[in-house]
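Each chain, letter by letter, is given below.
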Amino acid sequence: MAQAIPAGQKWWSGGKSPFNVEYGKLMMWYFLMSDAFTFGAFLISYGTIRFSSNGWPDPNEVFKAFPLMGSTNLPLVFVSLMTFILIMSSVTMVLAVAAGHAGDQKKVTFYMILTIIGGLMFLGCQAWEWTHLHNEHAWWGKNPFRNANGSVASTNFTNFFFTITGFHGFHVFSGVVINIIMLIKNLRGDFARRGHYLMIEKAGLYWHFVDLVWVFVFTCFYLL
Amino acid sequence: MSNVDTSAHGHDNAHAQFDTKPIWRTFWILLGITMVELILATIHLKTGFPNKYVLNGVYLILTCAKAFYIIAEFMHLRHEIKNLIMTIAVPALLFVWFVIAFVSDGNSYRELRNRYDKYQLEQSNKVVPPAEGGEHEEAPAAKKPGSPE
Numbered sequence: 000m001a002q003a004i005p006a007g008q009k010w011w012s013g014g015k016s017p018f019n020v021e022y023g024k025l026m027m028w029y030f031l032m033s034d035a036f037t038f039g040a041f042l043i044s045y046g047t048i049r050f051s052s053n054g055w056p057d058p059n060e061v062f063k064a065f066p067l068m069g070s071t072n073l074p075l076v077f078v079s080l081m082t083f084i085l086i087m088s089s090v091t092m093v094l095a096v097a098a099g100h101a102g103d104q105k106k107v108t109f110y111m112i113l114t115i116i117g118g119l120m121f122l123g124c125q126a127w128e129w130t131h132l133h134n135e136h137a138w139w140g141k142n143p144f145r146n147a148n149g150s151v152a153s154t155n156f157t158n159f160f161f162t163i164t165g166f167h168g169f170h171v172f173s174g175v176v177i178n179i180i181m182l183i184k185n186l187r188g189d190f191a192r193r194g195h196y197l198m199i200e201k202a203g204l205y206w207h208f209v210d211l212v213w214v215f216v217f218t219c220f221y222l223l
Numbered sequence: 000m001s002n003v004d005t006s007a008h009g010h011d012n013a014h015a016q017f018d019t020k021p022i023w024r025t026f027w028i029l030l031g032i033t034m035v036e037l038i039l040a041t042i043h044l045k046t047g048f049p050n051k052y053v054l055n056g057v058y059l060i061l062t063c064a065k066a067f068y069i070i071a072e073f074m075h076l077r078h079e080i081k082n083l084i085m086t087i088a089v090p091a092l093l094f095v096w097f098v099i100a101f102v103s104d105g106n107s108y109r110e111l112r113n114r115y116d117k118y119q120l121e122q123s124n125k126v127v128p129p130a131e132g133g134e135h136e137e138a139p140a141a142k143k144p145g146s147p148e
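Protein chains in written order, with numbering that gives the first Met the number 0: chain A, 0 to 223; chain B, 0 to 148.
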């Protein structure tokens, strides 16, 4: 809306993109739509199975550990830290996009490095959490946790948890790889030569999508 | 590239629209919503006060609010033209059907199973002492031949 488009612009008469965005960015949006439906299918099947079960483990009983705190009961603390890291790296990503719009190559480099660090921190947190759960004998096909009412739980809980957070973690990983490639291209001066930083925007869309998915994973696995 | 205005003229407009103030405002909104969720969860843990079903509804509304802010501001969709917004938002409405249909299907399966499979219902209410070692006390379904470890 803020793009100063002349009134009465005929979008569909040819010669210009009817969506007023570059082709690659539009296709990134459509890719993200398809990815959203993949994640949606995962999370909804999780919801279906959970609704079809009489009992389910209490997330506050399962996710209560924090690094170096031993067996202190700290529900929600670690996952809040992970959420904060991911939101923060999303902010640095938008700042990189904003710097790209201003044509400031140095600032783009700075914010891209911060975003990559945030992504790596998130992956580190997830690696710790997985290791911790694995040490508690939770894995695909193995569920040491009891249902909230004390009865024996099926392995659905761990299967869904590891599959969905694993799929999300893989997205974070590929996002970090994409961001590193963008950083290298920026350092080489590719975008400065091209005169625009649209590639940073496309990588940014992907990165925000990863953050968006985490919002839903956080709610579905740790809060509900 | 030729169909989009990336020339110096468009550049100036783009520069104006990328104010960093809304970015930080969005950040504080997202952080605030997450804090509210955590505070509600902690109050529920300590006192059990907000009923779990009410709380789940609140979580879902807050989650959708967060999703809206990420898509609208961080992904910048709110500032695109209407054609683009509609091509994303209208297919996303499928999720409304998707969630309601499948979740209610799961619920109906649980009710039917409880009605016709009394053994299963009995088992799901039987309290078992928590596993100490964890290794040898698993649900029967977990004992798959050839599973790792």
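What the hints contain is simulated information worked out from the structure, not anything from laboratory work. Computed from a prediction, not measured in an experiment: that's the story for all the values here. Treat the hints loosely; a few may be bogus.
As the list claims (entries may be wrong) - Distance windows between CB atoms, simulated:
| no. | chain 1 | residue 1 | chain 2 | residue 2 | range |
| --- | --- | --- | --- | --- | --- |
| 1 | A | Gly188 | B | Pro49 | 51 to 59 Å |
| 2 | B | Leu59 | A | Gly14 | 43 to 51 Å |
| 3 | B | Phe97 | A | Ile4 | 32 to 40 Å |
| 4 | A | Gly14 | B | Ser107 | 50 to 58 Å |
| 5 | A | Thr71 | B | Lys81 | 22 to 30 Å |
| 6 | B | Arg114 | A | Thr37 | 43 to 51 Å |
| 7 | A | Gly14 | B | Phe97 | 36 to 44 Å |
| 8 | B | Asn113 | A | Ile4 | 34 to 42 Å |
C-beta atoms are modelled at their ideal positions from N, C-alpha and C, and glycine is treated no differently.
field: List of violated hint numbers, smallest to largest
entry: 5, 6, 8
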